[in-house]
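**Q** Please work from the sequences and hints to get the whole structure.
Here is how the chains run, residue by residue.
Number of protein chains: 2
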Amino acid sequence: MNHSSIIFSGPNALKCELVPYLIELGIDRVFMILDKILLEIHADTLYPLMDLLPKEHILLIEAGEEYKHLDQCQKVWRFFTESKVNRNDVVVNVGGGVLTDLGGFCASIYKRGISTINVPTTLMGMVDAAIGGKTAVDYLGVKNLLGAFHLPIAVCGDSSFLSTLTQKELLSGFGEIVKHSLLVGGDMWQRVIQFDPLYSDSEEWQYFVDLSMKYKEAVVKEDLYDNGLRKCLNLGHTIGHALESYFINSKSSFGTDRDLVSHGEAVIAGLIAELYMSNQLLGFPSDILHQLIYLAKENYAPLLFTCKEYDPLLKLMKQDKKNISKAVSYVGMRSLGEPVLLEVDDEELKNGLDFYREMLC
Amino acid sequence: MNHSSIIFSGPNALKCELVPYLIELGIDRVFMILDKILLEIHADTLYPLMDLLPKEHILLIEAGEEYKHLDQCQKVWRFFTESKVNRNDVVVNVGGGVLTDLGGFCASIYKRGISTINVPTTLMGMVDAAIGGKTAVDYLGVKNLLGAFHLPIAVCGDSSFLSTLTQKELLSGFGEIVKHSLLVGGDMWQRVIQFDPLYSDSEEWQYFVDLSMKYKEAVVKEDLYDNGLRKCLNLGHTIGHALESYFINSKSSFGTDRDLVSHGEAVIAGLIAELYMSNQLLGFPSDILHQLIYLAKENYAPLLFTCKEYDPLLKLMKQDKKNISKAVSYVGMRSLGEPVLLEVDDEELKNGLDFYREMLC
Ligand SMILES: NC(=O)c1ccc[n+]([C@@H]2O[C@H](COP(=O)([O-])OP(=O)(O)OC[C@H]3O[C@@H](n4cnc5c(N)ncnc54)[C@H](O)[C@@H]3O)[C@@H](O)[C@H]2O)c1
Ligand SMILES: NC(=O)c1ccc[n+]([C@@H]2O[C@H](COP(=O)([O-])OP(=O)(O)OC[C@H]3O[C@@H](n4cnc5c(N)ncnc54)[C@H](O)[C@@H]3O)[C@@H](O)[C@H]2O)c1
Numbered sequence: 001m002n003h004s005s006i007i008f009s010g011p012n013a014l015k016c017e018l019v020p021y022l023i024e025l026g027i028d029r030v031f032m033i034l035d036k037i038l039l040e041i042h043a044d045t046l047y048p049l050m051d052l053l054p055k056e057h058i059l060l061i062e063a064g065e066e067y068k069h070l071d072q073c074q075k076v077w078r079f080f081t082e083s084k085v086n087r088n089d090v091v092v093n094v095g096g097g098v099l100t101d102l103g104g105f106c107a108s109i110y111k112r113g114i115s116t117i118n119v120p121t122t123l124m125g126m127v128d129a130a131i132g133g134k135t136a137v138d139y140l141g142v143k144n145l146l147g148a149f150h151l152p153i154a155v156c157g158d159s160s161f162l163s164t165l166t167q168k169e170l171l172s173g174f175g176e177i178v179k180h181s182l183l184v185g186g187d188m189w190q191r192v193i194q195f196d197p198l199y200s201d202s203e204e205w206q207y208f209v210d211l212s213m214k215y216k217e218a219v220v221k222e223d224l225y226d227n228g229l230r231k232c233l234n235l236g237h238t239i240g241h242a243l244e245s246y247f248i249n250s251k252s253s254f255g256t257d258r259d260l261v262s263h264g265e266a267v268i269a270g271l272i273a274e275l276y277m278s279n280q281l282l283g284f285p286s287d288i289l290h291q292l293i294y295l296a297k298e299n300y301a302p303l304l305f306t307c308k309e310y311d312p313l314l315k316l317m318k319q320d321k322k323n324i325s326k327a328v329s330y331v332g333m334r335s336l337g338e339p340v341l342l343e344v345d346d347e348e349l350k351n352g353l354d355f356y357r358e359m360l361c
Numbered sequence: 001m002n003h004s005s006i007i008f009s010g011p012n013a014l015k016c017e018l019v020p021y022l023i024e025l026g027i028d029r030v031f032m033i034l035d036k037i038l039l040e041i042h043a044d045t046l047y048p049l050m051d052l053l054p055k056e057h058i059l060l061i062e063a064g065e066e067y068k069h070l071d072q073c074q075k076v077w078r079f080f081t082e083s084k085v086n087r088n089d090v091v092v093n094v095g096g097g098v099l100t101d102l103g104g105f106c107a108s109i110y111k112r113g114i115s116t117i118n119v120p121t122t123l124m125g126m127v128d129a130a131i132g133g134k135t136a137v138d139y140l141g142v143k144n145l146l147g148a149f150h151l152p153i154a155v156c157g158d159s160s161f162l163s164t165l166t167q168k169e170l171l172s173g174f175g176e177i178v179k180h181s182l183l184v185g186g187d188m189w190q191r192v193i194q195f196d197p198l199y200s201d202s203e204e205w206q207y208f209v210d211l212s213m214k215y216k217e218a219v220v221k222e223d224l225y226d227n228g229l230r231k232c233l234n235l236g237h238t239i240g241h242a243l244e245s246y247f248i249n250s251k252s253s254f255g256t257d258r259d260l261v262s263h264g265e266a267v268i269a270g271l272i273a274e275l276y277m278s279n280q281l282l283g284f285p286s287d288i289l290h291q292l293i294y295l296a297k298e299n300y301a302p303l304l305f306t307c308k309e310y311d312p313l314l315k316l317m318k319q320d321k322k323n324i325s326k327a328v329s330y331v332g333m334r335s336l337g338e339p340v341l342l343e344v345d346d347e348e349l350k351n352g353l354d355f356y357r358e359m360l361c
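Sequences listed follow chains A and B, in order.
To convert, note that position 87 of the first sequence is 87 in full-length UniProt numbering; the numbers rise steadily by one, no gaps.
To convert, note that position 37 of the second sequence is 37 in full-length UniProt numbering; the numbers rise steadily by one, no gaps.
A hint or two may mislead.
Identical copies go unnamed one by one, so any copy, or any two together, can satisfy a pair.
What the hints assert, rightly or not - Straight-line alpha carbon distances no greater than 25 Å define the calculated DMTMM-like cross-link-like pairs of lysine to aspartate or glutamate that follow: (1) Lys-111 with Glu-343; (2) Lys-111 with Asp-138; (3) Lys-143 with Asp-71; (4) Lys-350 with Asp-311; (5) Lys-326 with Asp-187; (6) Lys-297 with Glu-309; (7) Lys-297 with Glu-358; (8) Lys-84 with Asp-71; (9) Lys-318 with Glu-56; (10) Lys-318 with Asp-71; (11) Lys-297 with Glu-222; (12) Lys-84 with Asp-226; (13) Lys-143 with Glu-82; (14) Lys-75 with Asp-138; (15) Lys-318 with Asp-28; (16) Lys-84 with Glu-65; (17) Lys-231 with Asp-187; (18) Lys-308 with Asp-187; (19) Lys-15 with Glu-309.
Everything labelled a hint here was simulated from the structure, so no lab data went into it.
**A** Next comes the structure, spelled out in C-alpha cells:
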C-alpha cells in the first residue's frame with residue numbers, strides 16, 4: 001500500500017500548485033470544509049480555491065478545540081449526504097489542526113473512506129497536524145478519543161496563512177519545528193537556533209514549514225501505524241504531554257495562568273528535560289543541549305512547578321497510551337539526528353525535571 | 001501488513017477453541033459486547049465465555065437493524081471509557097451481523113483502533129458479516145453510511161447458535177452460502193444442491209459455515225480494501241441489492257408483503273438473473289443454472305415484479321456505489337469457480353430480469 005501524501009509547499013502553493021492539481025482531478029469531484037474565520041481574514045489567499053468550486057461544494061464551519069467533537073462531525077456528515085459525496089470524491093480540509101483532524105476523521109469513516117487533501121492554515125497544522133494521517137475528535141471530555149489513520153492524498157503548506165497568527169500560536173508551532181530540527185540535525189538545527197520566530201515573515205517561515213512537512217511525511221511513509229520509527233516524533237512529548245495536561249488541569253501555586261500553556265511551549269520544556277536525560281544516559285552533546293536552553297530562554301516563559309508536583313506528573317506519563325509496562329518509554333537521542341527508543345525509571349525522569357527547573361526557573 | 005483473521009470453526013468452537021485462545025491472551029485484556037437476547041436463549045453455549053470475564057467487562061446491548069446507529073455506538077464508547085479499555089485490549093463481539101458490524105465499528109475508531117474478535121450467532125453473521133473487516137452503522141437513514149475497514153484478529157463460527165434462528169433467517173444466510181458455493185465450485189456446489197436448509201441440524205450446517213468462513217477470509221486476505229478480487233463476493237448482488245432495496249421501499253402490486261424480503265432471498269434471485277446473463281455472455285453452463293433454479297424453487301418463494309418495474313430497478317443498480325461509470329459493473333462467471341468482472345448494459349440486465357420472471361414466477 002502507498003503510505004504517502006503529495007507535498008505542495010511554498011508561499012503561493014495554494015494558488016500555484018494545489019489549484020492546478022484540483023483542476024486536473026476534476027472540479028466536480030472536489031468538496032471543501034473551511035474554517036469560517038478564514039473567509040474574513042484570508043479571502044485573498046483563498047480566492048483561487050473558492051472561485052473554483054460551486055458554492056454547494058463548500059461547508060463553512062467553526063473550528064477551535066471546543067468544536068472538535070461528534071456534534072460537529074454530524075454537521076459534516078449531513079453536508080456530505082446532502083451534497084451526495086461519494087467514494088470517488090475528494091474533500092479538501094482548510095484550517096488549523098482542529099479542522100484537519102475533524103475533517104479527516106469525518107471523511108475517513110464516511111462510506112468507509114473518502115480521500116482528503118489538507119490545507120493547514122496554522123503553523124501547528126503545517127508542521128505537524130495536517131501531515132501523517134492521524135485524525136480524531138475529542139469525546140466524553142477525552143482528547144482524540146475517537147479517531148482513525150487516514151492519510152491525506154496531498155497536503156498544501158502555504159505560509160501566506162501565517163501572517164494572521166498570534167505570537168502564542170507561532171511559538172507553539174515553533175516548538176514542533178525545534179523538535180524536528182533536533183531529529184533532522186545538520187543545517188536545519190543551525191538555522192533554527194538563529195531564527196527569530198517573532199520577527200520573521202512568511203517567506204522566512206517557509207523554509208521550516210517545508211522541511212518539517214517533508215521530514216514528517218518521510219517518517220510516516222515508513223511507519224503509518226506508529227509501531228516503530230514514527231515513535232521518534234514523540235521526542236520531548238513524554239514529559240511535554242504530561243506538563244501540558246497537568247498545567248491545563250491544575251491551579252498554579254505561582255499565580256500565573258497555567259491554562260495558557262500551549263502545546264509547543266510544553267514540548268520545548270519536555271525537550272530540555274528529556275535531552276538532559278539523553279545527555280546522562282546516552283552522551284547526547286552538552287553544547288547542543290545548551291543551545292536549546294538558550295533558544296528556550298530567548299523565546300519562551302519558563303513553566304513553573306515544584307518538586308512536590310513530580311508525582312502527579314509521573315502518573316500522567318504512565319497513563320500515556322504509549323506505555324504498556326510500568327517503566328516509561330521515551331525517545332532518547334545519542335546526538336543530533338540520532339533518536340533511540342528506550343525505557344526510563346522514575347529517578348531518571350525526576351532528574352530531567354530537576355534539570356529543567358534548575359536551568360529555566 | 002497482515003490482512004488475515006484466525007478462523008475458529010466447529011460445533012463447540014466457542015468453548016474448545018476461543019476460550020483457550022482468550023485465556024492465552026490474558027483475560028484482563030478481554031472485553032465483550034453481547035446481544036442481550038442471547039443471554040436468554042444461549043446461556044449454555046455462552047457460559048464458558050461469560051464465566052471467564054469479570055462482569056464489568058461485559059456490555060449487554062440490543063441488536064437488530066433498528067439499533068445499528070450512532071446512538072448505540074455512544075453506549076459502546078461510554079462503556080469502553082468507563083472500563084478503561086485501551087489499545088492493547090481486545091473486544092469480543094457476540095451477536096448477529098448488526099452486532100459485529102456495530103461493535104467492530106466502535107472498536108475501529110476508539111483510540112484509533114482496538115482489536116476485535118467476532119463470534120457471529122446468526123447464519124448470515126457466520127458466513128458473511130463477521131468475516132472480512134467491513135464494519136459500519138446506518139446514519140441519516142442510509143445503510144452503512146459510516147464505517148471502517150477493521151479486520152478482526154479472530155472469528156469464531158460455532159454452529160450451536162443456529163438452533164434458535166427462524167426459517168427465514170436460515171434461508172437468508174443460505175443465500176450467501178449458495179453464492180459461495182458457486183464461487184468455490186467442486187464438492188461445495190454438489191453438497192449445496194443436495195442440502196435441505198429447513199431440516200438440517202447444527203452439525204450439518206457446520207460444513208457450510210466452515211467452508212464459507214475460510215473462503216471469504218482467503219479472498220479478503222488478498223484484497224481487504226475491495227479494489228479487486230474481493231469484488232467477486234458481489235456475485236448476485238448487483239441485481240440482488242437492487243431487488244432488496246426496491247422491495248423494501250415499494251408496495252407490491254401483487255398484494256404480498258414485500259417488506260419481508262430478506263437479503264439472502266434477494267441474492268438468490270440476483271444469482272439466477274445474473275448467471276443467466278453469464279450464460280448468454282460467457283457461456284456459463286446451463287445445467288448449473290438449472291440446478292440453481294431448482295434449488296431456488298424448492299426453498300424460496302419467488303419475488304414478484306413486472307417489467308414496468310425494470311426502470312426503477314436499473315436506476316438502483318446504477319446508484320450502487322460500486323459503479324462509477326454509466327454501464328453497470330457486475331460479477332459474471334465463465335463456469336463454477338470462475339468469476340470475472342465485466343460491464344453490462346441495460347438490455348442485458350433486462351434480459352436477466354426477464355429470465356428470472358419466466359423461470360420463477
Ligand atoms: N493529527 C495530528 O497528528 C496532530 C498533531 C498535532 C496537533 N493536532 C491537533 O491539532 C489541534 C491544534 O491545532 P492548531 O494549533 O492549529 O489549533 P486550532 O486548529 O484550534 O486553531 C487555532 C485557532 O486559530 C484559528 N485559525 C486557523 N487558521 C488561522 C489563521 N491563518 N490565522 C488566524 N487564525 C487562524 C482557528 O479558527 C482556531 O480558532 C489540536 O486539536 C491537536 O490535537 C493533531
Ligand atoms: N460487514 C459485512 O461484511 C456484512 C455482510 C453481510 C451483512 N452485514 C450486515 O449484517 C446485518 C444483518 O445481520 P443478521 O442477518 O445477522 O441480522 P441481525 O444482526 O439483525 O440479527 C437478526 C436478529 O436475530 C437476533 N439473534 C442473533 N443471534 C441469534 C440467535 N442465535 N438466535 C436467535 N436470534 C438471534 C438478533 O438479536 C436480531 O434481532 C445487516 O445490518 C447487514 O448490513 C454485514
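**Q** Indicate, hint by hint, whether the structure satisfies it.
**A** We went through each hint and held it up to the structure:
no.	hint	verdict
1	Lys-111 with Glu-343	between (41 Å within a copy, 23 Å between copies)
2	Lys-111 with Asp-138	both (21 Å within a copy, 10 Å between copies)
3	Lys-143 with Asp-71	both (15 Å within a copy, 20 Å between copies)
4	Lys-350 with Asp-311	within (9 Å within a copy, 73 Å between copies)
5	Lys-326 with Asp-187	neither (38 Å within a copy, 54 Å between copies)
6	Lys-297 with Glu-309	within (22 Å within a copy, 76 Å between copies)
7	Lys-297 with Glu-358	within (13 Å within a copy, 85 Å between copies)
8	Lys-84 with Asp-71	both (20 Å within a copy, 23 Å between copies)
9	Lys-318 with Glu-56	between (47 Å within a copy, 23 Å between copies)
10	Lys-318 with Asp-71	neither (31 Å within a copy, 32 Å between copies)
11	Lys-297 with Glu-222	neither (35 Å within a copy, 55 Å between copies)
12	Lys-84 with Asp-226	between (33 Å within a copy, 21 Å between copies)
13	Lys-143 with Glu-82	between (29 Å within a copy, 15 Å between copies)
14	Lys-75 with Asp-138	both (15 Å within a copy, 16 Å between copies)
15	Lys-318 with Asp-28	between (48 Å within a copy, 18 Å between copies)
16	Lys-84 with Glu-65	between (28 Å within a copy, 23 Å between copies)
17	Lys-231 with Asp-187	within (23 Å within a copy, 50 Å between copies)
18	Lys-308 with Asp-187	neither (40 Å within a copy, 73 Å between copies)
19	Lys-15 with Glu-309	neither (49 Å within a copy, 49 Å between copies)
The structure shown violates the earlier hints numbered 5, 10, 11, 18, 19.
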